[in-house]
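*Asks:* Chain residues, written in single-letter form:
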Amino acid sequence: MTRIADAVTGPFAPVRAFFRRHRSLGIFVGVALLSIALPLLTRVPPFDGIQSTNAWVNAFTTAAIYAMLAMGLNVVIGFAGLLDLGYAAFFALGGYTYALAASPFSGIHLPFWPMLLAGGIVGAIFGVLLGAPTLRLRGDYLAIVTLGFGEIVPITLMNADKFTDGVNGIGGIDKPSIPGILQFTLINPWPMYGLVLVLFTLVMIMIYRLEDSRLGRTWDAIREDELAAESSGVNTVIAKLQAFAVGASIAGIVGVVNAAKITIVTPDQFRFAVSISALAAVVLGGMGNTIGVATGAFIIYLFQSILLKQLNTLVENFNIPVLNQIDFLEFQYVLYGIVLVLMMLKRPQGIFPARRRMREFAPLKIGKGGLK
Amino acid sequence: MATANVTSASAGRLLGNLRLPIGIVLFLGISLPILGIDQFVNALTLGAIYALVALGYTMVYGIIELINFAHGDVFMVGSFVAMFISSSLLGAEGSITNVPMLAASVLLLFALTIAVMALIGALIERLAYRPLRRAPKLAPLITAIGVSFILQNIIQFFFGPTIVTVPQLVPIEWSIQVSGSRVPLLNIFVIGASVALMFALQVFISRTRTGRAMRTTSMDRDASSLMGVDINRTIMITFLIGSGLAGAAGVVHGLYYGNTSFALGFQSGLKAFTAAVLGGIGNTAGAALGGFIIAFIEVGASAFGYGRWGGAVVFSLLVIFLVFRPTGLLGSHSGDRA
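Protein sequences, first through last, are from chains X and F. Counting from 1, one number per residue, gives the positions in the first sequence under the numbering used here. Counting from 1, one number per residue, gives the positions in the second sequence under the numbering used here.
Be a bit skeptical, because a hint or two may be false.
[To be verified] Have a look at the derived ranges for each label pair, beta carbon to beta carbon: (1) A196/F to M206/X: 52 to 62 Å; (2) N54/X to G94/F: 20 to 30 Å; (3) P111/X to F304/F: 40 to 50 Å; (4) D230/F to V237/X: 49 to 59 Å; (5) L32/F to L227/X: 45 to 55 Å.
These are computed hints drawn from the structure, not numbers from a lab. Note that beta-carbon positions come from the ideal geometry of N, C-alpha and C, so glycine has one too.
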């Protein structure tokens with residue numbers, strides 16, 4: 001759309017212009033460079049003192065999984081403008097799909113690769129099943145319905161113990177393998193790192209291409225003025241369903257990968273806080289901006305799992321009274337809350353605003369003082 | 001022709017006015033023999049708590065069309081404030097058997113908790129919601145979710161993640177006999193206090209000047225503003241009352257269950273919201289009715305051994321109602337919206 005027309009200036013103008021024209025290639029190169037740079041960075045102080053390179057790589061893998069979730073949610077919230085508060089449910093459904101298809105609990109051991117697709121399909125089916133009756137609802141009602149769905153799924157997984165082993169969850173899930181070449185293990189984080197980054201690249205390319213497609217423009221139109229879109233001949237219900245299905249299938253695929261990575265799924269992994277953590281990443285990064293949202297997810301994840309953990313060890317080492325009673329890791333939830341409130345009040349377009357969103361939120365400043 | 005229309009319309013209105021009492025009598029009449037008197041009283045008590053919380057949701061939604069997601073957590077904070085007041089300020093460790101002492105303590109407990117919670121609620125409105133009043137609708141909703149998480153974590157920080165004991169000021173042994181069953185006085189007191197508060201609210205909304213301002217603001221904010229209604233003040237009063245009622249619910253919860261936890265707000269908040277939707281959001285009588293219905297469903301489910309599914313049933317009900325009958329059982333015709 002407008003991106004190509006924008007003038008490119010600065011010292012790297014030719015390079016940036018090239019990647020602006022070939023964006024998918026740009027994403028590929030960018031993720032590849034980053035995936036090499038990040039592990040190298042963990043070998044230099046102060047990062048090497050925090051944890052081993054393997055632990056770092058593991059953390060980056062989880063961060064990328066979380067970033068994919070946020071990007072998927074961004075399709076629903078940022079593109080189509082539908083607030084989905086039960087996004088973790090699709091993540092759960094993907095995870096349980098793989099857990100039931102490849103674990104000692106079910107006695108079935110299907111290979112990992114086709115299950116990736118199956119997770120996506122299961123996610124999409126449930127996305128459509130939830131969306132079909134509910135997408136006619138107004139924005140805030142839709143939010144609550146999805147929240148209800150997000151609660152019903154873990155409750156059902158917990159109570160249907162015959163099929164899911166209840167609160168214990170399903171453990172011993174098979175690790176992926178490429179027969180004869182590579183077997184993923186819990187000790188070696190590198191194969192999973194590679195797999196997740198490949199998926200991350202594909203998801204990001206797909207989302208960017210979707211954004212610029214006819215469907216992406218339809219979502220723009222619906223988000224900005226649903227009535228106007230409808231009168232211009234857009235089938236809003238179908239387009240919204242597609243947004244739901246795309247978001248849910250990404251969550252389903254990510255759920256499969258996540259289950260294969262940590263080899264256990266329990267209902268507690270998919271509570272409301274997970275949906276909110278993804279929402280916080282979307283809001284922090286800037287609704288509608290895919291790279292921004294992925295960055296937001298990385299920031300939040302690294303902050304909560306590295307920085308807060310560091311605070312714990314720091315306080316323990318110095319044996320500061322009162323403070324060493326506190327488990328700083330528990331502050332991750334308050335972090336989500338603070339991110340949501342502060343961003344909405346002070347910078348609703350996010351740290352990396354999408355171009356369109358900047359304009360959309362601009363009139364907000366006028367009404368800032370409320371009714372007076 | 002015209003006369004016939006008027007007659008049928010007034011007959012319809014009469015039926016409409018009687019719909020609620022008839023429904024309630026039928027509902028209670030059916031559930032009493034099914035549940036038995038113990039569970040029946042239990043459900044009424046739980047219903048009173050849900051109803052008090054649901055009122056806050058419905059009032060705020062009625063006036064600014066915001067699902068105040070943090071309201072369940074305001075209720076939770078209320079239960080902690082009540083715990084703090086009765087154990088620290090009043091120095092109570094268990095029940096108080098001296099009747100005048102008990103009456104004074106309970107009265108003080110209610111008054112203080114309601115006052116503190118009303119202030120907290122108004123503060124949240126001022127800091128988190130008022131700046132966003134003209135923003136896109138989802139912005140305040142997202143803020144409300146953030147406030148909910150912050151409240152939960154403040155409480156968890158000060159009181160820990162475990163269940164906290166609350167002194168049960170009213171002795172649970174005191175009871176009266178009703179057709180062979182023992183009905184604790186505590187339950188009767190809880191139900192009575194809640195119903196009194198709801199009644200007072202109805203009178204306030206329908207009879208006072210401020211109540212009228214609340215009703216007009218919910219109908220048309222700009223027009224009321226032109227008629228001289230102070231919108232900011234009216235909305236703040238709505239939050240004061242809603243949060244105060246949640247505080248009262250927190251007191252009642254502590255007296256009745258004898259414990260509380262930081263996670264109380266999310267689940268009960270969602271159930272109370274379901275109650276508000278069930279009754280017709282924006283409709284105060286409907287919210288009260290919805291609260292009792294939700295409680296009866298939940299108590300009924302556990303009485304028949306499906307307690308674990310109670311939550312899922314309630315949330316399914318929420319989804320079904322929002323999809324097929326978003327105006328709820330009583331609807332929300334502007335007359336009694338507040």
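*Asks:* Cβ-Cβ distance between P111/X and F304/F: within 40 to 50 Å?
*Replies:* holds, 44 Å
*Asks:* Evaluate the given range 49 to 59 Å for the C-beta pair formed by D230/F and V237/X.
*Replies:* Hint violated: Cβ distance 42 Å, outside 49 to 59 Å.
*Asks:* Using the C-beta atoms of A196/F and M206/X, is the stated range 52 to 62 Å upheld?
*Replies:* At 59 Å between Cβs, range holds.
*Asks:* Given the range 45 to 55 Å, decide if the beta-carbon distance of L32/F to L227/X lies inside it.
*Replies:* holds, 49 Å
*Asks:* Evaluate the given range 20 to 30 Å for the C-beta pair formed by N54/X and G94/F.
*Replies:* Violated, at about 55 Å.
Of the numbered hints stated above, those contradicted by the structure are hints 2 and 4, listed in ascending order.
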